[in-house]
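Student: For the record, the sequence lines run as chains A and B.
Position one of the first sequence corresponds to residue 1 (the numbering used here), numbered consecutively onward.
Position one of the second sequence corresponds to residue 1001 (the numbering used here), numbered consecutively onward.
None of these hints come from the bench; they were simulated from the model.
No experiment lies behind these values; they were computed from the predicted model shown.
No residue lacks a Cβ here, since even glycine has one placed at the ideal position from N, Cα and C.
No farther apart than 25 Å at their CA atoms in a straight line, the calculated lysine-lysine pairs in the DSS-like style are these: (1) A/Lys131 to A/Lys5; (2) A/Lys121 to A/Lys109; (3) A/Lys7 to A/Lys38; (4) A/Lys63 to A/Lys78; (5) B/Lys1040 to A/Lys120; (6) B/Lys1040 to A/Lys90; (7) A/Lys49 to A/Lys60; (8) A/Lys131 to B/Lys1040; (9) B/Lys1040 to A/Lys109; (10) B/Lys1040 to A/Lys121; (11) A/Lys48 to A/Lys70; (12) A/Lys63 to A/Lys48; (13) A/Lys48 to A/Lys38; (14) A/Lys121 to A/Lys5; (15) A/Lys38 to A/Lys80; (16) A/Lys7 to A/Lys121; (17) A/Lys38 to A/Lys60; (18) B/Lys1040 to A/Lys7.
Anything over 10 Å on all C-beta distances counts as not near chain A; from chain B, calculated: (19) Gly1010; (20) Lys1017; (21) Leu1030.
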Amino acid sequence: MKVYKGKIRLIVKHYPYRYRDYSHTAAEASLAALDQGKFWAMHHLLLKKSPELDRQSLIKYAKELNLDIKAFTESLDKMKHSAIIERDKKLAVDMDLYNTPTFFINGRKVIGNRPYEYLKKIVEEELRNVKK
Amino acid sequence: MGAEDGILGGDKGRVMKLLKYSILPFFIFLTAFSSLAQEKRYEVPILDSPSTGPANAPVTIIEFLDYQ
Chain A
1 MKVYKGKIRL
11 IVKHYPYRYR
21 DYSHTAAEAS
31 LAALDQGKFW
41 AMHHLLLKKS
51 PELDRQSLIK
61 YAKELNLDIK
71 AFTESLDKMK
81 HSAIIERDKK
91 LAVDMDLYNT
101 PTFFINGRKV
111 IGNRPYEYLK
121 KIVEEELRNV
131 KK
Chain B
1001 MGAEDGILGG
1011 DKGRVMKLLK
1021 YSILPFFIFL
1031 TAFSSLAQEK
1041 RYEVPILDSP
1051 STGPANAPVT
1061 IIEFLDYQ
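Full structure from sequences and hints, please.
Tutor: Spelled out as structure tokens, the structure:
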């Protein structure tokens, strides 16, 4: 990603699976961090620490990122961003997505965990298309 | 022997015909179809989802993910 600084815009949509315990809460945690300007730091931490995503762990991560813990915990417990998460989830279902991660690179669908090189190849193709 | 060769030759001819009229067109169709499938581009509304990188970046990646 850093290699392509200025050339890539990355957007995250949440698609938590219903049958997984902490999927929704973890998505809430990322958005609670967004409110405090730390979405990406939390995002990377959650990906690194997964599947350790229970409430206590999430609060611990918020502390690591020096977030306002009271606001963070309240946001988590009240599921303040439920509407956004449900909206993303509905979009995913409407688009017939069954796997995470699913990427759309300039609209081109890439399903599942792929090696970095694979994604890089598509990004390079897209960059070449733009230059033409 | 000669008669058998003739039968074999006939089989070969039939196999070639099969290749020509069914298998080859099938592969041509498959190749064309898969390249068309690759070209399909989806419209994904970005809305106010968390994003990084410039709005006018030449490449936009939208990732649907589950942290767990």
